[in-house]
Amino acid sequence: MTRQMTGAKMVVQALKDQGVDTVFGYPGGAVLPIYDEIFQQNGIRHILVRHEQGAVHMAEGYARATGKVGVCLVTSGPGATNAVTGLTDALMDSIPIVVLTGQVPTFMIGSDAFQEADTVGITRSCTKHNWLVRDTEDLPHIMHEAFHVASSGRPGPVLVDIPKDVQFATGSYAAPKEVKLAHYAPKVKGDMEPITELVEAMEQAKRPVFYTGGGVINSGTGASQLLRELVEATGFPVTSTLMGLGAYPASGDKWLGMLGMHGLYEANMAMHDCDLMINIGARFDDRITGRIDAFSPKSKKAHIDIDPSSINKVIRVDIPIVGDVGHVLEDLLKVWKARGRKTNKEALAKWWAQIDKWRAVDCLKFKQEGPTIKPQYALQRLEALTKGYDRYITTEVGQHQMWAAQFLGFEDPNRWMTSGGLGTMGYGLPASIGVQVAHPDALVINVAGEASWLMNMQEMGTAIQFRAPVKQFILNNERLGMVRQWQELLHGERYSHSWSEALPDFVKLAEAFGCKGIKCDNPADLDDAIMEMINYDGPVIFDCLVEKHENCFPMIPSGKAHNEMLLGEAETKGVIDAKGSVLV
Amino acid sequence: MSPLHIKKGSTSHSAYNLRPTFSDVQEKHTLAVLVDNEAGVLARVIGLFSARGYNIESLTVAEVDHVGGLSRITVVTTGTPQVIEQIKAQLGRIVPVHDVHDLTVEGPAVERELALLKVEGEGEKRVEALRLADIFRANVVDSTLRSFVFEITGTPEKIDAFSDLMRPLGLLEVARTGVAALSRGTA
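As you go down the protein sequences, you meet chains A and B in turn. Residue numbers 1 to 584, in our numbering, belong to the letters of the first sequence in order. Residue numbers 585 to 771, in our numbering, belong to the letters of the second sequence in order.
Hints are not guaranteed to be accurate.
Claimed, not checked - Okay, the calculated beta carbon distance ranges per label pair: (1) B/Glu622 <-> A/Asn344: 46 to 56 Å; (2) A/Asn344 <-> B/Leu654: 50 to 60 Å; (3) A/Ile292 <-> B/Asn723: 51 to 61 Å; (4) B/Gly631 <-> A/Met108: 43 to 53 Å.
FYI, nobody ran anything at the bench for these hints, they're computed from the structure. Backbone N, C-alpha and C define an ideal beta-carbon position, used for all residues, glycine too.
One chain only, chain A, in its complex shape (with noise of 0.2 Å):
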């Protein structure tokens, strides 16, 4: 039954009808009729940030924290434009946002008005896709169509541009399962051939590994489960991407930890010796192969991924297998079983032993002595003594953010939000808020370092207002760590402009913004300053004074491959030769 109603009213219907319980928004002139909406209703919850960026962050945060689609309400012109940076970063981590942004009405499109901008111009290379609604009959059928498009095949933000005549105008609002979708719909079943194929180098392979991504965690909790059933049956290794953390617990003795260039020797040696790779929703992304020509040189490359684009884009594989992880994941086990569930079984005891030397390396050894706390050693204690809680971590973007990955062990999917493609330093903070708002009585932590954290530090303002107790565990180094490294190795020491010089007192700044403040420099007072942490009732930002020297190791350098990683203790000037230095 289609019911009367104004573009504004739909709106929120709309997201009442496609089970949307938060907004991360923020209020301007061309929104201000969906804003009168959203006064007068009680189910749609509106969580007001400080700055659109924030908005969208926490919306990611939300987004994955729950596997559901997050939505973000800002204004046009700067509201659109401080949308960017977000959808950009959902769009490199195939994060499910809907935005919605106001515009100037129709008739001033055009006319360079007062906070116009061409938002669907700007923001089509940075969302899945967007729509500009010139009709409040267009508005239903667009706004359940964002939320398909979000969250269908590759998930991936999109943007809807509403301007303020189409919010007042009145039109017939449509149900979703009244409204037809257009014609996109992604293909998720795979082909049983590639994946018969697939078995068949299963059952033979010496040295298998399974290279698991954010695209396991991105099929939903069932498609983890698989991957364990998986892992389990098999008795293969398992390493993931940064993103796909939790897929498969960190506690699993299947489990080889991270991989790629800052990820532990035994999983990027694995990669590097395996015959058969197994390339479950990743995307060989290059902090993940090095060297290209060197990448992985004897094994057969097998890869399932929903996304056709991403098989053959940079590395080409034997095995392809267009699909959704979970559903080819099923078959993949039905297949297997129903053949037998055969491995080579002496192989892989051989395998299993050559792993185990490369374990003995300890590649994350590190040494706490003397008065400084390493930030090794501040996650290994923050680990151990979070580890009972019901806990979600978020990062920012540098060092701490790969130590996290290093430190920090994840049992469950969902529970690591971190900025991976895009490497969105400001991210973590509001990440956090967008998680605790989906989790109330969860521990969520905000991992990050003090320039990152600084970047979008006015959403500590959110957090009161809302009462999300995050805890901001800010690693401070005084220094752009990872910059800092990379200038270390690649630019004879100089360091250009990567220590800050003014930062602030990070426990006034708590008690300016109305929470609580912590310091701590002593790795003797270590403990007890996180236990108080993770008591206060109410957010923490916990100043960790850390070495401000230490670089991130192990660590593939540019331009090299899997094989040629530097260790801790390795001598460490000139390995990055001319040829690397002009990479990222």
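Based on the hints, put chain B in the right spot on chain A.
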């Protein structure tokens, strides 16, 4: 080289043949892209080519199904087989794109382009231009005592050849439509 035919929503049989074809040879391919005729769809297609550094040699677009609101974009592009496969897969990702056909690999196809050429000349040159136009089956669509406008259709190569011949005879201006192409037979 095996064709990649992306048809959205197909689940029953193998719509994707993604076996790799890695080679350094630059190939020219004509792609027919069927899209919803909605605002910004051409910008999405062109934006994809510029953002990812692909070549566009020729591009034509017009609505071909007024009832269904479908437009056909014909793109002539060059790249290695791997790049061509990527272009097709990336085009297939665009939400308003219904179908991507690679006419170069999907069997024989006809390609036509229309061009208008303005040629200025007197005396023997003018006669020669008219004679050549007759050989190329170009029509005269405008004439003054000192000039002709020729209309010619054919493959891009034929139009190239004709304009090369017209150049010494007083070619002033050329307008070309870009390639329109269809597969032969009932495929």
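Results for each hint:
1. B/Glu622 <-> A/Asn344: 46 to 56 Å: Check passed, 53 Å falls within 46 to 56 Å.
2. A/Asn344 <-> B/Leu654: 50 to 60 Å: With Cβ atoms ~52 Å apart, the hint holds.
3. A/Ile292 <-> B/Asn723: 51 to 61 Å: Since the Cβ atoms of A/Ile292 and B/Asn723 sit about 53 Å apart, the hinted range of 51 to 61 Å holds.
4. B/Gly631 <-> A/Met108: 43 to 53 Å: With Cβ atoms ~25 Å apart, the hint is violated.
Checked against the numbered hints listed earlier, the structure breaks hint 4 alone; every other hint is satisfied.
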